[in-house]
Amino acid sequence: VDIKSMTSYLYWLYCQYELITCSYLMEPWEKVLFYTVNVATLVTLAYAAYLFVPARISGAFCFVLHLLGNQPENTVSIMK
Amino acid sequence: IHHIVQNGGLYKRPFNEAFEETPMLVAVLTYVGYGVLTLFGYLRDFLRQWKIEKCQNATEREEQKDFVPLYQDFENFYNRNLYMRIRDSWNRPICSVPGAKVDVIERVSHDYNWTFTYTGRVIKDVINMGSYNYLGFAQNNGACQEAAAEVLSQYGAGVCSTRQEMGNLDKHEELEKLVARFLGVESAMTYGMGFATNSMNIPALVGKGCLILSDELNHASLVLGARLSGATIRIFKHNNMQSLEKLLKDAIVHGQPRTRRPWKKILILVEGIYSMEGSIVRLPEVIALKKKYKSYLYLDEAHSIGALGPTGRGVVEYFGLNPEDVDVMMGTFTKSFGAAGGYIGGKKELIDYLRTHSHSAVYATSLSPPVVQQIITSMKCIMGEDGSTLGKACVQQLAENTRYFRRRLKEMGFIIYGNEDSPVVPLMLYMPAKIGAFGREMLKRNIGVVVVGFPATPIIESRARFCLSAAHTKEILDTALKEISEVGDLLQLKYSRHRLVPLLDRPFDETTYEETED
Chain A
1 VDIKSMTSYL
11 YWLYCQYELI
21 TCSYLMEPWE
31 KVLFYTVNVA
41 TLVTLAYAAY
51 LFVPARISGA
61 FCFVLHLLGN
71 QPENTVSIMK
Chain B
1 IHHIVQNGGL
11 YKRPFNEAFE
21 ETPMLVAVLT
31 YVGYGVLTLF
41 GYLRDFLRQW
51 KIEKCQNATE
61 REEQKDFVPL
71 YQDFENFYNR
81 NLYMRIRDSW
91 NRPICSVPGA
101 KVDVIERVSH
111 DYNWTFTYTG
121 RVIKDVINMG
131 SYNYLGFAQN
141 NGACQEAAAE
151 VLSQYGAGVC
161 STRQEMGNLD
171 KHEELEKLVA
181 RFLGVESAMT
191 YGMGFATNSM
201 NIPALVGKGC
211 LILSDELNHA
221 SLVLGARLSG
231 ATIRIFKHNN
241 MQSLEKLLKD
251 AIVHGQPRTR
261 RPWKKILILV
271 EGIYSMEGSI
281 VRLPEVIALK
291 KKYKSYLYLD
301 EAHSIGALGP
311 TGRGVVEYFG
321 LNPEDVDVMM
331 GTFTKSFGAA
341 GGYIGGKKEL
351 IDYLRTHSHS
361 AVYATSLSPP
371 VVQQIITSMK
381 CIMGEDGSTL
391 GKACVQQLAE
401 NTRYFRRRLK
411 EMGFIIYGNE
421 DSPVVPLMLY
431 MPAKIGAFGR
441 EMLKRNIGVV
451 VVGFPATPII
461 ESRARFCLSA
471 AHTKEILDTA
481 LKEISEVGDL
491 LQLKYSRHRL
501 VPLLDRPFDE
511 TTYEETED
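So the sequences go chain by chain: A and B. Heads up, the first sequence stops at 80 in full-length UniProt numbering, and the numbers go up one at a time, no gaps. Heads up, the second sequence stops at 518 in full-length UniProt numbering, and the numbers go up one at a time, no gaps.
No lab work stands behind these hints, which were simulated from the structure alone. The C-beta atom is built at its ideal place from N, Cα and C for all residues, glycine as well. Heads up, some of the hints might be wrong.
As the list claims (entries may be wrong) - FRET-style restraints, in silico, Cβ to Cβ:
| hint | chain 1 | residue 1 | chain 2 | residue 2 | range |
| --- | --- | --- | --- | --- | --- |
| 1 | A | E30 | B | R107 | 18 to 26 Å |
| 2 | A | Y11 | B | N57 | 28 to 36 Å |
| 3 | A | E30 | B | M24 | 27 to 35 Å |
| 4 | A | E30 | B | R355 | 22 to 30 Å |
| 5 | B | N79 | A | E30 | 12 to 20 Å |
| 6 | B | T115 | A | W29 | 16 to 24 Å |
| 7 | A | W29 | B | R87 | 15 to 23 Å |
| 8 | A | Y11 | B | L43 | 47 to 55 Å |
| 9 | A | L51 | B | T117 | 51 to 59 Å |
Stated by the list, open to error - Listed below are the simulated DSS-like cross-link pairs for lysine-lysine, each with C-alpha atoms no more than 25 Å apart in a straight line:
| hint | chain 1 | residue 1 | chain 2 | residue 2 |
| --- | --- | --- | --- | --- |
| 10 | B | K54 | A | K31 |
| 11 | B | K348 | B | K177 |
| 12 | B | K51 | A | K31 |
Starting from the given sequences, assemble the full structure and let the hints guide the process.
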């Protein structure tokens, strides 16, 4: 892992993000505001994912097993 | 009557025009960018209205705040919030002759482009990819400059009169005979300003009760002239002959809107090269349609005169057609001849009529004598009458430069619009931040380009427009291409997926596009 090329690649990615969302054109206080809103949205999404996604995945898994539990014996043994 | 040169052979050479489709992801991201900028625009307008931020643009006076608002429409919103952010790419002052290389005065802005100050430095030898200098006649030394200087010392700079009063010099008569000979028409007339040639002469040719069929992407001068004339205007899709034929058929069949009388005149307005798209008009088909439906053709060769054709006579020679088929041939001297002004060429009766009835002849000052001499010298050079082969060499160099530049850019992976042979090369940028970034990065690398956004182009299709010149040598083009490739990688502009949209028409072996044969 080459740290210098990795950092320059990350900087290039940051520049692309700036160009696409037009924060390249904004004044510094506008950039601060925009990035605050973006970071807050991302953090909220990550927190919600951390809280809710494991419970939902295990619930979906149980639902699928329940569906297959009503099948005849031989198909359940193939699944196992 | 021969509509066609030979059955199935309207075109003597391949017509390669391509407009690659916008990639879906790029279009979506462009809208995202404009959305973010619009939100911030509303925020800034709110802050300005509640005096939290200082308002630096024009507003109404305090007493007029309750009147109908002047600055609330979209153009002014766009101007305040989007154009101001990238304004430093336009109106750059130059301080040398705009040849292959130019000197640009450096300026900085400390309040985000609301005001500019000069640093006092001049950026020398910037490669000039933005001037309309197709044949390289924008020079401050050489035969053209010496002849113009001599005429300046003989006639002075000002004419001080209009063409019909005391402004008709023998130089003008000489120029008009030369232009008529150059184009292959009977007679020609010249005017002081290219824009005014269109906007002041179309009202003299058509009036109420006439029909104008104008291309979608015509220049502002043609649109202004058409509107001033008072004729009915109908628009056909850009370079689309089926659309034009449908409009012609409807016009002949239905006549004028309420009274159903036949139209007095039908005039088709097209341009030789469209400067924003780089496309060339399908002239053989237009002429075939014009003859079939008995209408008139007005061809604006502002960008194509001098730049197309084996000897530089324009788009008519490029397709190998007869100049007498085009009723009104208009062009400008600004682009390929390094001067200013415009001309109209055609039959003798038409030009004699225009001499008396054109607004420009009656009210506008005629061309200045040194400018006339520049045009005469450069035109003689192109025709080869000054005894050298410089003109032919310039025309061939331009054609080579065009093909080389376009091929290299397409190989690099940029999306380029337009015809293979047009010296105007639009390179698509799409996103608003990339417009400003491209202009600035290219100037940092000593290359001056013209970037175009809304309202000259559709809002997501912003582009950088390169104008090639015979003055550019291969080394200059190679340097420019290297820098363009570097900036393209830096800004990720290489969108092309090499999937060209096939031109939406059937092969050129019919003059009519109907389902049934006559």
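Hints and how they fare:
1. Here the CB-CB span from E30 (chain A) to R107 (chain B) is close to 23 Å, well matched to the stated 18 to 26 Å.
2. The supplied range of 28 to 36 Å is met by Y11 (chain A) and N57 (chain B), whose beta-carbon atoms lie about 35 Å from each other.
3. Restraint check, E30 (chain A) to M24 (chain B): a C-beta distance of roughly 29 Å satisfies the suggested window 27 to 35 Å.
4. For E30 (chain A) and R355 (chain B), the Cβ-Cβ distance of about 59 Å falls outside the hinted range of 22 to 30 Å, so the restraint is violated.
5. At roughly 18 Å, the beta carbons of N79 (chain B) and E30 (chain A) sit within the given window of 12 to 20 Å.
6. The given range of 16 to 24 Å is respected by T115 (chain B) and W29 (chain A), whose C-beta atoms sit roughly 19 Å from each other.
7. Checked against the hint of 15 to 23 Å, the pair W29 (chain A) and R87 (chain B) passes, with Cβ atoms roughly 20 Å apart.
8. Between Y11 (chain A) and L43 (chain B) the CB atoms are about 28 Å apart, so this pair departs from the stated range of 47 to 55 Å.
9. A beta carbon spacing of about 54 Å between L51 (chain A) and T117 (chain B) agrees with the range 51 to 59 Å that was offered as a hint.
10. Among the hinted pairs, K54 (chain B) with K31 (chain A) is consistent with the structure: their alpha-carbon atoms are about 19 Å apart, no more than 25 Å.
11. A distance of roughly 12 Å separates the Cα atoms of K348 (chain B) and K177 (chain B); the hinted pair therefore holds under the 25 Å criterion.
12. At most 25 Å may separate the alpha-carbon atoms for a hinted pair to count; K51 (chain B) and K31 (chain A) meet this at roughly 21 Å.
The structure fails hints 4, 8 (numbered hints given earlier, in ascending order).
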